[in-house]
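Colleague: Now for the letters of each chain:
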Amino acid sequence: MKKAQSFSDKAGLPPGSLIHIGCSEPNATMISKIEYSANSLKESKDLTTDDLRLYTDDLNTWINITGLADVDVISTIGENFGINHLVLEDILNTQHRPKIEEFDKYTFFTFKMLRLVKGKKKIVSEQISIILGKNYVLTFQEQHGDTFDSVRNRLKNQIGKLRTRGSDYLLYALIDTVVDSYFTISDILNDNIQNLEDKIISKPSEELLINIQTYKKDLRFLRKTISPLRDSVGFLCNSDTNLVAGGTTLYFKDTFDHILQINDSLNEMRDSLGSQLEIFHSNLSHQMNVVMKVLTIIATIFIPLTFIAGIYGMNFKFMPELEWYWGYPTVIGIMVLVFVSMIYYFKKKNWI
Amino acid sequence: MKKAQSFSDKAGLPPGSLIHIGCSEPNATMISKIEYSANSLKESKDLTTDDLRLYTDDLNTWINITGLADVDVISTIGENFGINHLVLEDILNTQHRPKIEEFDKYTFFTFKMLRLVKGKKKIVSEQISIILGKNYVLTFQEQHGDTFDSVRNRLKNQIGKLRTRGSDYLLYALIDTVVDSYFTISDILNDNIQNLEDKIISKPSEELLINIQTYKKDLRFLRKTISPLRDSVGFLCNSDTNLVAGGTTLYFKDTFDHILQINDSLNEMRDSLGSQLEIFHSNLSHQMNVVMKVLTIIATIFIPLTFIAGIYGMNFKFMPELEWYWGYPTVIGIMVLVFVSMIYYFKKKNWI
Amino acid sequence: MKKAQSFSDKAGLPPGSLIHIGCSEPNATMISKIEYSANSLKESKDLTTDDLRLYTDDLNTWINITGLADVDVISTIGENFGINHLVLEDILNTQHRPKIEEFDKYTFFTFKMLRLVKGKKKIVSEQISIILGKNYVLTFQEQHGDTFDSVRNRLKNQIGKLRTRGSDYLLYALIDTVVDSYFTISDILNDNIQNLEDKIISKPSEELLINIQTYKKDLRFLRKTISPLRDSVGFLCNSDTNLVAGGTTLYFKDTFDHILQINDSLNEMRDSLGSQLEIFHSNLSHQMNVVMKVLTIIATIFIPLTFIAGIYGMNFKFMPELEWYWGYPTVIGIMVLVFVSMIYYFKKKNWI
Amino acid sequence: MKKAQSFSDKAGLPPGSLIHIGCSEPNATMISKIEYSANSLKESKDLTTDDLRLYTDDLNTWINITGLADVDVISTIGENFGINHLVLEDILNTQHRPKIEEFDKYTFFTFKMLRLVKGKKKIVSEQISIILGKNYVLTFQEQHGDTFDSVRNRLKNQIGKLRTRGSDYLLYALIDTVVDSYFTISDILNDNIQNLEDKIISKPSEELLINIQTYKKDLRFLRKTISPLRDSVGFLCNSDTNLVAGGTTLYFKDTFDHILQINDSLNEMRDSLGSQLEIFHSNLSHQMNVVMKVLTIIATIFIPLTFIAGIYGMNFKFMPELEWYWGYPTVIGIMVLVFVSMIYYFKKKNWI
Amino acid sequence: MKKAQSFSDKAGLPPGSLIHIGCSEPNATMISKIEYSANSLKESKDLTTDDLRLYTDDLNTWINITGLADVDVISTIGENFGINHLVLEDILNTQHRPKIEEFDKYTFFTFKMLRLVKGKKKIVSEQISIILGKNYVLTFQEQHGDTFDSVRNRLKNQIGKLRTRGSDYLLYALIDTVVDSYFTISDILNDNIQNLEDKIISKPSEELLINIQTYKKDLRFLRKTISPLRDSVGFLCNSDTNLVAGGTTLYFKDTFDHILQINDSLNEMRDSLGSQLEIFHSNLSHQMNVVMKVLTIIATIFIPLTFIAGIYGMNFKFMPELEWYWGYPTVIGIMVLVFVSMIYYFKKKNWI
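Residue numbers (our numbering), protein chains in the order written: chain Y, 266 to 617; chain G, 266 to 617; chain S, 266 to 617; chain C, 266 to 617; chain F, 266 to 617.
Derived by calculation from the structure, the hints in this document are not laboratory data.
Just so you know, nobody snuck in bad clues.
Identical chains blur together in the list; that is why a pair holds if it fits in one copy or across any two.
Pairs of lysine-lysine residues, derived as DSS-like cross-links and limited to a Cα-Cα distance of at most 25 Å, are as follows:
id : residue 1 : residue 2
1  : K426      : K298
2  : K613      : K468
3  : K558      : K468
4  : K298      : K399
5  : K612      : K464
6  : K614      : K464
7  : K364      : K399
8  : K464      : K482
9  : K464      : K613
10 : K426      : K399
Please model the complete structure; the sequences and the hints are all you need to start from.
Modeller: So this is what it looks like as structure tokens:
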């Protein structure tokens, strides 16, 4: 919830000011580049902005910038590639809403990579921004890490069609990697929710309610992350931009299907949590009812018995029963009778 | 809920990799073929992919592949018929969302066949994928079984218009069979829900609540299965693809009506379950209230009586009543009076 | 709820098979015909299909078929008038969803006539199918009865514009009759719901809850029946089919307004039932609370008093109070004091 | 709720029959006329239908008909001005849904004027129908009264632009008057709801619940009245009918804004009532809980004390404590100790 | 809630009357003007309407009117700039719904600036109206204050692109300032809601419920303020008015994104409040249950014990136990046994 707050710190500054906005210290900015064609690949790391000035026309270039600490570097890259100032601002604002925006010479995407922190309890998101140009792709990651390693490996090892197709297919591969991360999160969340269901049926407790609310929050977070991406990818499927070739559109449709499937799955989880909440409340009140019923029944049985004892505890001078030899056993007998009939009556009524 | 989880195992692989995705071991792949025209029919079973290479232009061909274990076989068939790689991937992913996708030379459908397992308690789904070409239909079933036997028999015995019409009509017959399976499921579910209603009114118990939640889950599952099919069939009704003849469109409209009717019926069941839940909670709390009221009334009646007895159990030296000859009967009389008036009062107040 | 179940019995039959589908035995099929123009009218009853073969071009013809038992007769009529096989199937399926379908030479409507069975407790529906041709109207009623007698009388007695206008106006008169039946049902239901409201405020009981749920079901049933008709009539208002003359469109708009008004009224009833449910639960829990409070107060008052009595029931040898002459009256006085102050306190706190 | 019921009495009559439909006796029909131009105005009252036959082309004419008792008069007026029969029917049906309908030579509006009956408790509605022709406006009011006096005065006293603009501006002034009546109602309702809120927080009682439900009903009634008018006025803003001049459209947009504002205000009230309901239930149950807790605590404290007294009320021969000289004070001391520690414990636990 | 009420005071007046409508006394009207181009800027304060008559064509002019008390001044300004009378009415009505309206020569905006009053408890809104002309911007503020100081400073100090771009960019800067105020409010509200959550989990109390309802009201207020602005800005993004240059559209898109983000954040808060309400009710009823359970258990344990004591308090002549030497200790022993077993049983059952 630090998000908007830090954003509001920007109030008063002229719009378009390049400032890093985010919850945590930004990572140092590092640049790497992969130039590839069907039969060649050249990777260079730890570049400076000067190394990026030129890029050859017959190669596809993937420039990966990790860490958003160095605003100047990002600003320079923006200038080199003719990126609009507002886009750069969006890249630096790591709390930006996922979106897609088309420009004349490039298309800009921003969305979230999701990851579970160790201990598998909290979902963290990392902002990924991608700029797709004619034969280049710029990716901006918030943190250093192995997010796109699988794509990098496929490029290097010539797995799949990555090398033979254009930058639009690289874009697809990157987005697909992100969507896969959603699958992983959604699966783990699903497992947790299923486990919770078993616990709630067997032994409802107050902590489980907090759990339900936490998972609900997680679901809302996932939905908030995924639903703008669905719109973006849906836009790519139907767009006739010349940056995405017709053949690649089909792949984006496939990704779109995946997002819809995750969405279905989120809906199911939400409904499942709703059911669990109902069962939880019902079980808890059932337990309470059982306890109160038993307790009340015990009291109800002994109160009349105590009354009988009370009668013969009275000190009247003339109480003939008190003098009888069988008086005491008779009263005890009556008490047993009352006790047994009450038990029998409650049993018959199904109260105990 | 294994679904998405197994899907996420695919994360990291290049997209378009042909891998079987599903909860259970896939069945072995078997191929059968029926070639038919208005006045001839030839059925051949246990074919290999080589047998499928050619197909005559003036016959309609229905090739049925059951079991998705042999990825190579399916891949070869895909190549033979010029099917896109991504479509083959969708066929093998038995947890894919139902959908329709049009290509230049064929249209691809995937949806779920529903079946109740013995004991009529659990709904299982089988993925059916259909490729409709110019004069051929490819059907992919997840499991061996008699799913399409009724269509096969009608073809063989020349019942209805199947033999005289094209492959689009065969597609219609197949989809109609699937929709009929939905009717069966929806009817059984409806019966169960009606039965549940009677039980809930007569004798609410905690297990019935679990039942309500289970039926709700079933309804959600049905809706999730049926609603994309509605869109697919609705698309067929309005599409102007040259694979579906104008005359057949009318039949798809009929199927569309059926799906709407099932949908109406699902909505009704959902509302019915909602009502049941309300009655359930109200009945349960009513029962509890009755019990507590009776118990409390018993206690409330005897507590003042016990107090009276307590008074005359006091050991004061100077308590004139104790000496009276009629003291004891008088007190007993007062107790009876108090008892009767309280009963009368509670009766009048409608509390008992 | 027999509906879909009997429909599912059709599973396995080739589509387009003419079979009567319905809950009850179909009535025997009877055919009557009215040929009319502005200045002539000829009615003939108990016709056979042979009598229907020709119909003159300068007369409007209304053929009314009641009872759907004789599938052959209906099939023959269908052939004579060039009605599509699927339409005939829909006419025979008395559980079909209301709909409108346009064909080249005729338009097909199916919807429900509503009627209250004697004792005014249960709503029954009868399926009405209408085929509007160039200068003829075919009506198919599920049951014999006087459904359309008012229209027939107006035709015979030259009331209104029925005789002077074409078959489209006859269609309007028939649909208007059906919509009037909805008004009647909706009014009775409305009265019942208003009556229920008074009862719920004055004396909530468990049966009233069942009543609320029953009326809710009735409302859903009405809505399900009316809302597809709204779409059909709305379609007629905007359609430019040459079967409906421009002047008649205005009349359909009027009917459309009526349907909207019924719809508004249904919405109001639904909201009213929602309010009643809230008041019901609140009243019931209020009643319960009052009872429990009074009972608990009685117990609460006597328990401390009993304790005081208990003290002086103790058998200690040295209890000076017991020896006092005014001991007993003093203790009784204290008890009265405690009693009165507790009553006073509870009164002040507004608990009794 | 008499509305639809009386409407259903019409069932069986040919459509388009002119009959007054309404809850109450219709007022006698009275006709008045105002002819005006920028610099002249002539008002005439208590006219007959004959006086209406001609109207000059260079003047704007406003004919106001109050009271719908005389169906013949209204029918004659309809004929004189070439009004469609169905429109006249709608004018006479005072329970008609608000709507707008365009015809070749005129536009027809019907909507509700709202008024609070004395004692400010019940909202009553009066149907207003307006027919806007080329240079005339016909208004039909259900009841005699001063509804449009403010407009009449502005016309007479040349206030604002009424005299200089055409009949469309007169229409705007009339509708604006009606919308103002909505503001008045909505404000009073708003005040009432705000007052209710204070009461609910300070002292919830069962009657307040009935109040909430009554206000909810009022809100639904208002919404039902206002929302079709919004559509009508919205239609006027965007329509390109030649009856409404371009310059006047702007005024209708202003009215449209006002209706939206009332709508916002209704939404707010609905949400506020929802909140109140929540607070009501929560407060009521809180009160109940407090009572029950106190009562139960009293019982809980005295029951163990009574037990102690009961022990020393036992008549065993050999109970050494009974013989002790300090026995009695010791037991009383123990009782006080138990009492104080229980009070302390409950206080610490925050139970009292 | 005074809003609509004061508006309804206007009922009866001719539409278009210029009257200030608002909750509080309007501030005195003050006019200031800034004329600027890329390399010059001239600010003049405390102007009269005469000073505004001319404005040079090659400069951008920003005229800021604060305080709406002097209706004549505003009316004169309106005449000078050819502003429609209805627009002036909207400017003076400080309770107007936010909206955008395009005219031939200018575009009119009205929306709310939000501010927190000291003590950060109550949100107050100030109406801002903006008229964007060819090379001038008129801003109308309800109150004197520093609302637009940041923009003024940027203009003076040549920060950002304000000086070099046209009046449309100035409009953007002003709207951006307003949206920033929404961020601030939304952040503070968010913090408050988060804090509330912690309190509700740790210690639910009745006041927290009032808090939840207050925050809900604030959220509704924010949403009501923001959602029309979203539509206005969305309209600007897509409009092709020649008042907004193509390049500036991009900036409005950026603002649109910000509004969407606030909207997301409001949705999240609403859901969070919903969760809190659930936890609140659950916690409260849990606390109550715990109390009642403990109390009932105490009573339940001592009632049977008291009964045992009652038995041996009976005065029968022949009760052998009373004579036994070990009678008393035995009974005490039995009591202890009963006590311990009940405690053990309740512990085992997890009731205490």
